[in-house]
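Top to bottom, those sequences are chains A and B.
Under numbering that gives the first Met the number 0, the first sequence has 3 at position 4, and the numbering climbs by one with no breaks.
Under numbering that gives the first Met the number 0, the second sequence has 127 at position 128, and the numbering climbs by one with no breaks.
The set of hints was computed from the structure by calculation and includes no laboratory data.
Hints are supplied without guarantee of correctness; some may be wrong.
What the hints assert, rightly or not - Where chain B lies over chain A, by a calculated footprint (3+ residues, C-beta under 8 angstroms):
| hint | region |
| --- | --- |
| 1 | 363-372 |
| 2 | 398-411 |
Unchecked claim - Under the rule of at most 20 angstroms between Cα atoms (straight-line distance), these lysine-lysine pairs were calculated in the PhoX-like manner:
| hint | chain 1 | residue 1 | chain 2 | residue 2 |
| --- | --- | --- | --- | --- |
| 3 | A | Lys347 | B | Lys130 |
| 4 | A | Lys351 | B | Lys89 |
| 5 | A | Lys283 | A | Lys213 |
What the hints assert, rightly or not - Residues of chain B placed beyond 10 angstroms of chain A at every Cβ, according to the derived structure:
| hint | residue |
| --- | --- |
| 6 | Asp54 |
| 7 | Arg63 |
| 8 | Gly91 |
Small disclaimer: the values here were computed from a predicted structure and weren't measured.
All residues carry an ideal CB built from backbone N, CA and C; glycine is no exception.
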Amino acid sequence: MGSNPMPEFGSFTLLLALVLSVYTLVMGSVALWRTRGGRIDPGASRLGETARRAGISSCIAMFCAAFALVWAAFTNDYSVSYILHHTNRTLNAGYKFAALWSGQEGSLVLWAWLLAAYGFVLRLRHRVDVRLTAFASVILAAIQVFFLSLLNFAAPPFALQPGPVAQDGFGLNPLLQYPEMMIHPPMLYLGYVGFSVPFAFALGALMMRYPGEKWIHITRRWTMVTWLFLTCGIFLGAHWAYSVLGWGGYWGWDPVENASLMPWLTGTAFLHSVMMQEKRGMMKSWNVWLIFSTFMLTILGTLLTRSGIVSSVHAFASSNIGNWFYTFIVIVFAVCLFTFFKQKDHLKSENKLESLVSRESSFLFNNLILLVACFVVLWGTLFPILSEYVQGTKVTMGAPFYNRVNLPIGLFLLFLTGIGPLLAWRSTSLRSIRRNFILPSIAMGVTLIVCLVVGIRPWNAGDDLQAELFSLITFSLAAGVITAITAEFLRGAGVVKTQTGKNIFASTVLLVRRNTRRYGGYVVHFGIVVMFIGIAGGAFNQSREQEMGFGDVLTLGPYKLVCQSFTQDSNPNFDTEYALLDVYQGNKKLTQLAPEKRHYTASDTSSTMVALRSTLASDLYVIYEGKNPDTDKPIIKVFLNPLMNWIWIGVLTVVVGTLLALVPNLTRVALPAKVTVEVPAGVEVHHA
Amino acid sequence: MLKRWGMGLMVCLLAVGMLGAGDSTSRFNRIGHQMMCACGCGQMLLECNHVGCPDSDRMIGELRAQVVNASGDGSGGGSDTAILNWFVAKYGATILAAPIRGGFDRVAWAIPLAIFVLATLGTAVLIRVWKLRSGQRAVPALPLGGAGADAMRERIRRETEY
Numbered sequence: 000m001g002s003n004p005m006p007e008f009g010s011f012t013l014l015l016a017l018v019l020s021v022y023t024l025v026m027g028s029v030a031l032w033r034t035r036g037g038r039i040d041p042g043a044s045r046l047g048e049t050a051r052r053a054g055i056s057s058c059i060a061m062f063c064a065a066f067a068l069v070w071a072a073f074t075n076d077y078s079v080s081y082i083l084h085h086t087n088r089t090l091n092a093g094y095k096f097a098a099l100w101s102g103q104e105g106s107l108v109l110w111a112w113l114l115a116a117y118g119f120v121l122r123l124r125h126r127v128d129v130r131l132t133a134f135a136s137v138i139l140a141a142i143q144v145f146f147l148s149l150l151n152f153a154a155p156p157f158a159l160q161p162g163p164v165a166q167d168g169f170g171l172n173p174l175l176q177y178p179e180m181m182i183h184p185p186m187l188y189l190g191y192v193g194f195s196v197p198f199a200f201a202l203g204a205l206m207m208r209y210p211g212e213k214w215i216h217i218t219r220r221w222t223m224v225t226w227l228f229l230t231c232g233i234f235l236g237a238h239w240a241y242s243v244l245g246w247g248g249y250w251g252w253d254p255v256e257n258a259s260l261m262p263w264l265t266g267t268a269f270l271h272s273v274m275m276q277e278k279r280g281m282m283k284s285w286n287v288w289l290i291f292s293t294f295m296l297t298i299l300g301t302l303l304t305r306s307g308i309v310s311s312v313h314a315f316a317s318s319n320i321g322n323w324f325y326t327f328i329v330i331v332f333a334v335c336l337f338t339f340f341k342q343k344d345h346l347k348s349e350n351k352l353e354s355l356v357s358r359e360s361s362f363l364f365n366n367l368i369l370l371v372a373c374f375v376v377l378w379g380t381l382f383p384i385l386s387e388y389v390q391g392t393k394v395t396m397g398a399p400f401y402n403r404v405n406l407p408i409g410l411f412l413l414f415l416t417g418i419g420p421l422l423a424w425r426s427t428s429l430r431s432i433r434r435n436f437i438l439p440s441i442a443m444g445v446t447l448i449v450c451l452v453v454g455i456r457p458w459n460a461g462d463d464l465q466a467e468l469f470s471l472i473t474f475s476l477a478a479g480v481i482t483a484i485t486a487e488f489l490r491g492a493g494v495v496k497t498q499t500g501k502n503i504f505a506s507t508v509l510l511v512r513r514n515t516r517r518y519g520g521y522v523v524h525f526g527i528v529v530m531f532i533g534i535a536g537g538a539f540n541q542s543r544e545q546e547m548g549f550g551d552v553l554t555l556g557p558y559k560l561v562c563q564s565f566t567q568d569s570n571p572n573f574d575t576e577y578a579l580l581d582v583y584q585g586n587k588k589l590t591q592l593a594p595e596k597r598h599y600t601a602s603d604t605s606s607t608m609v610a611l612r613s614t615l616a617s618d619l620y621v622i623y624e625g626k627n628p629d630t631d632k633p634i635i636k637v638f639l640n641p642l643m644n645w646i647w648i649g650v651l652t653v654v655v656g657t658l659l660a661l662v663p664n665l666t667r668v669a670l671p672a673k674v675t676v677e678v679p680a681g682v683e684v685h686h687a
Numbered sequence: 000m001l002k003r004w005g006m007g008l009m010v011c012l013l014a015v016g017m018l019g020a021g022d023s024t025s026r027f028n029r030i031g032h033q034m035m036c037a038c039g040c041g042q043m044l045l046e047c048n049h050v051g052c053p054d055s056d057r058m059i060g061e062l063r064a065q066v067v068n069a070s071g072d073g074s075g076g077g078s079d080t081a082i083l084n085w086f087v088a089k090y091g092a093t094i095l096a097a098p099i100r101g102g103f104d105r106v107a108w109a110i111p112l113a114i115f116v117l118a119t120l121g122t123a124v125l126i127r128v129w130k131l132r133s134g135q136r137a138v139p140a141l142p143l144g145g146a147g148a149d150a151m152r153e154r155i156r157r158e159t160e161y
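The following block holds chain B by itself, in its conformation from the complex:
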């Protein structure tokens, strides 16, 4: 059963992945948004438009050429990774807009997920433990107009007034 679910999940992931495969223009846009401009302006390659940028025009030209070369006929059948690797080899790893090279780069993605899962589970467990500890605390009925009733009313007001 677990295996079947796993295969189903893989098919879904593949389907989602395949949805990303489009024509060469869409590949150009996709890859161009996975890279930074090398000029140090801190912007994505296809968004770098600052006046007099020494790098973006050349890099965009290189990207166009790579996309066409990778597909041969321009239909976009090549590998995005190969194109990204070409840029990494030329400009260094900082050219990638996010760490996607595998190895230690995976830690960048794994840690936030792990923290999120652990924190969620931790909070749920904490609430459960607190709830169990608080036990069944029955408060006896208080007589009308008693000092205890006033105190209880004040407490309810304090605890419930937003």
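With the rest of the complex left out, here is chain A:
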């Protein structure tokens, strides 16, 4: 053992975690086999218990491995190749910790660690259903064996750098040196990895022919929390791109961004359609395949990021681990397919859909739209490969393709977000439709007229015709959906007010607490609508680029920017050039902005630091593009992005709504005790 034992310790703990995971997989499977069909076998039960404890221990081993890597980063141990390539001495502590997920091997350690942590919680909570949890535990162990095999044999994070130990590292990619990068990747990974749990439960429930829908109740919180993490991860990434990449946008339809969006879309579809199984015993096969697909898409996303099969600015350097992922996806698909066909008769629906105008059919269409959107993203991501295969040349699938194809789909989804909750389960009468839809329709009409009056007229927009048309439709639909959601709250609160005599605010709170899932869902929908409004604001973006010497003025929209000075500075980590710009609206000075360009010494790379003035109405987004070598004056590019903040507010609302939906109900809604119940065919049954 050398002077610093941490790399050896890390390698050992990784190997130990692999051995423990293999034990959990093999002995857990043997125990399940010996107790199949309800057989009593105390020996097998004890064996199963050892497998469970081995699974718990593997989490501790993985924690030690992750700790060893972080320790190596903090102690500047450049004998470890990974640390040499992703850190340097002057990097601050937060970014040294972030080095854990800044490269291929480190991010695989994070993946395996998070999976072990999810497994840890699952195995600790095994009493919720011992046998089902044992199945899920074995499936999680199988996934863990794959990732740990990768870490031990294909992408070892503790590989030693040959030759003498370097005095300093090559540094962290400058684009990653931003506070959000300390939270965005872990969030995204928590989302990615988290879908392994509902996948394991679904596959396990199918393997053991689990009776009823209890597995859905068990996994509901897992799925929602995972979905929440993925949502946060995706939008933190979007916010990082907006704040750091300096092109004025937040989503570039890069293959790696797409890779995170696809499981989010199928996961969202699953969260909706699983309600049909929970309530009416329908769509069982569909739901099982939705969660299977979601898990496989998370693996596909990882494959796309790491194999180099698609070009991406985010991708890790192409490596030889692509074949491992191909093999793993094929095995997962084969196991899912085999189990599905073997247990297909277990997935028969208990009920059939009774009307085109019902909550069930709105869920079906919602699933359809989400899956088509997912297909479009997958198609766009993989089409360059197909094109190269067919015609010998790669094509680019950039924003124009995705925007044109996905915008109508998004609007359809927004429409369904509004009407879905207004429809009753089983069937909705014409009278009910008229009653529920009149207010939203009026709101839509009024908004449409207001938009036209204030000047949103697509036919006058020239090149921006498509963007303005979609914005007009989005604003109108958004008004309708918000009205529908508000009306639902008010209607419910009115009933509670009548029952309890409380004021409308207290009644609304009580209403929400009585059925957190339903009203949390409405809040999530509201957040989605707010996000759509923010996205629609993009149609009215403006930008201007100008060379700005001392005292020069740039005008954009209502703002006037005056250059006060431009200078440069240095610190041990980077050299910087920046300009100081006073921002005026009319004659009133609002603020001073300082866009910069940094040059990082260790990695010999540059990046821009955007200066931002953000309000509810718009973002003033200023970039220091560099200096004109002829005049030595800075070139400043300014964007005016309307409604950008609405996107982030929408995301926060989605987070609040999801958390609300996770809170247990205060009381159960009671039905009147004695009534004659008659349910003729096609009856309309409203939700409580």
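Mind docking chain B on chain A? Use the hints.
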């Protein structure tokens, strides 16, 4: 009648297309947003601003020149396709931000549309078939307070509680 509708649709499409024809600045912006920067940063040509980009400044200059040349007097009367073809010939097909060259490129646009239409129709047909299969299932009235009524109430609660 169908022919008249077809002609009407064509006129509308032409009108929409004509709306896109503006001055040379608007053409410059439009075409610049249909191309990627050749440096491999994955950004649109007019949005590529990363420090030290070896290509974007040159390409933007070429685009300006092409727009002016194509129109002769700078009024923007030339063909966008010709300009895009010039860039494709120089930098390869990956320079286009979306597949618009015809031929196999059309498949990129057609497949999502086809999937969307087929999936929508398929879902509608599925719902129709299910509805027909479910038939007219009348449930007889249950006596007050009976065990069947409790079961039915529980089912209604389960099926309707969101």
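For each hint, the structure was consulted:
With 5 residues carrying a beta carbon less than 8 angstroms from a beta carbon of chain B, the region 363-372 of chain A meets the three-residue requirement, and the given coverage holds. For the region 398-411 of chain A, the proposed coverage by chain B is satisfied: 6 residues have a C-beta within less than 8 angstroms of a C-beta in that chain, meeting the threshold of three. Taken as a hint, the Lys347(A) and Lys130(B) pair is honoured in the structure, with Cα atoms around 16 angstroms apart against an allowance of 20 angstroms. Taking the CA atoms of Lys351(A) and Lys89(B), the gap is about 59 angstroms. The hint is violated against a cut of 20 angstroms.
At most 20 angstroms may separate the alpha-carbon atoms for a hinted pair to count; Lys283(A) and Lys213(A) meet this at roughly 13 angstroms. No Cβ of chain A approaches the Cβ of Asp54(B) within 10 angstroms, the least distance being about 14 angstroms, so the stated non-interface status holds. For Arg63(B), the condition that its CB be more than 10 angstroms from all CB atoms of chain A holds, with the nearest at approximately 13 angstroms. A beta-carbon of chain A comes within 10 angstroms of the beta-carbon of Gly91(B); the shortest separation is about 7 angstroms.
Of the numbered hints given earlier, the model fails hints 4, 8; all others are met.
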